[in-house]
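Go by the hints and put chain B onto chain A.
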Amino acid sequence: MDVKSSIEQSMSFPGEVHQSPTGGILLSRIDDVINWARSNSLWPLVFGTSCCAIEMMSTASAKYDWSRFGFEVARATPRQADVIIIAGTIVNKIAPVLKRLYDQMADPKYVIAMGACATSGGPFFYNTYSVVKGADHIIPVDVYIAGCPPRPEALIHAMITLQEKIKSGLTREQIRMPKPELISL
Amino acid sequence: MKLSNDSVKEKLIKKFGEQVSCFQEPYGMLTFETPKEINLKVLSFLFDDETLKFTFLTAICAVHYPDKKDKELAVVYHLHSLTANLRIRFKVFTAIEKPDVFTATGIFSSANWMERETFDFYGVNFIGHPNLKRILNVDEMDYFPMRKEFPLEDQTRIDKDDEMFGRG
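Sequences listed follow chains A and B, in order.
Each step along the first sequence adds one to the number in this note's numbering, with nothing skipped, and position 152 is 152.
Each step along the second sequence adds one to the number in this note's numbering, with nothing skipped, and position 25 is 210.
Next comes chain A alone, as it looks inside the complex:
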């Protein structure tokens, strides 16, 4: 499936409309509706530790404009954010800060590891005295992006991938939650 049709498909509302003389009845699962709502309004945390953050700012600004997909409400406080984009190198000194930011975010929360450093330590993998070799040593990561730094298109692709993951109920927290029964009206 190409990207365009997959976006179109995931943008559509989950459920079906039954026409009736007075309007219509929508049949859907509340889970799907919640996931649809959550995925289309992901608020990223303003967090960047190095050059990947420059690409992230570029993605947010006019040329790439991630608000087209619902990410424009970047929050400066973890308590209002849904997704943390780890944009840059994580060193030992920032590791407890990252953990704390993640702990302060309200559930449900998602993590994107942007670029080589956040994924594995990247160029600092060998003989380092300070770099954490992958942010997933500290917090669980939902989506990884390759690149050093990744292009804005790659970040947008990762955000769309995260949206699809949420809609399909496949993020870590959704899997851990017991599946509720189908609600019958």
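Incorrect hints may have been included.
[Unchecked claim] Calculated pairs, BS3-like style, for lysine-lysine (alpha carbon to alpha carbon, straight line, at most 27 Å): (1) A:K93 / B:K254; (2) A:K133 / B:K276; (3) A:K93 / B:K333; (4) B:K283 / B:K194; (5) B:K276 / B:K318; (6) B:K253 / B:K283; (7) B:K238 / B:K200; (8) B:K253 / B:K276; (9) B:K318 / A:K133; (10) A:K99 / B:K238; (11) B:K283 / B:K318; (12) B:K254 / B:K196; (13) A:K133 / A:K4; (14) B:K283 / B:K238; (15) B:K187 / B:K238.
No lab work stands behind these hints: they were computed from the structure.
Here the structure is a predicted model, which means the values were calculated and not measured.
Using the frame of chain A, we list chain B on its own:
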């Protein structure tokens, strides 16, 4: 009189005599060495002198020379005279067993963080520093990572061959 490397050198020799040595001019920048005991005297002389006025401490850093006996660590001061637009640099050497150097924070407030960084990475103990603790690395670190006993990079790596970077 326009300040030049030669006139600075002349003034220093006139003031400190034999104690300033090893004058060089790599890339046109006057460089010399002094014993570590008089580093503050040299700094304040350069700061206070009416014609020199080296009032801007650009950088402090250290160098580790593992092969120089009793001169393993060098502390390098970079100074800038804003009135004469001239930069100079001088080194003091210290033994690694007792890496004690007097702090420059009394003359330059900017030395505070620079000396903390030098302590953090090389373990130079700046005597009299108001807050000598690690600044960039984690507090729990129990070694000084820029010393030469820690390899810069795995010597067996073949993926960073110079040829691949157009330097071969």
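Results of checking the hints against the structure:
1. A:K93 / B:K254: 34 Å, violated
2. A:K133 / B:K276: With a Cα-Cα distance of about 37 Å, the restraint between K133 of chain A and K276 of chain B is violated, given a limit of 27 Å.
3. A:K93 / B:K333: Since the Cα atoms of K93 of chain A and K333 of chain B sit roughly 23 Å apart, the hinted pair holds (cutoff 27 Å).
4. B:K283 / B:K194: Violated, at about 30 Å.
5. B:K276 / B:K318: Holds - the C-alpha atoms of K318 of chain B and K276 of chain B are around 23 Å apart, at most 27 Å.
6. B:K253 / B:K283: Given that 27 Å is the threshold and the Cα spacing comes to 14 Å, the pair holds.
7. B:K238 / B:K200: Roughly 15 Å between the alpha carbons, so the hint for K238 of chain B and K200 of chain B holds.
8. B:K253 / B:K276: At roughly 14 Å apart (the allowed maximum being 27 Å), K276 of chain B and K253 of chain B satisfy the hint.
9. B:K318 / A:K133: 26 Å, holds
10. A:K99 / B:K238: Violated: K99 of chain A and K238 of chain B sit about 48 Å apart, past 27 Å.
11. B:K283 / B:K318: 17 Å, holds
12. B:K254 / B:K196: Distance of about 31 Å is beyond 27 Å: violated.
13. A:K133 / A:K4: Cα-Cα ~34 Å, so violated.
14. B:K283 / B:K238: Not OK: K283 of chain B and K238 of chain B at ~32 Å, beyond 27 Å, violated.
15. B:K187 / B:K238: With a Cα-Cα distance of about 13 Å, the restraint between K187 of chain B and K238 of chain B holds, given a limit of 27 Å.
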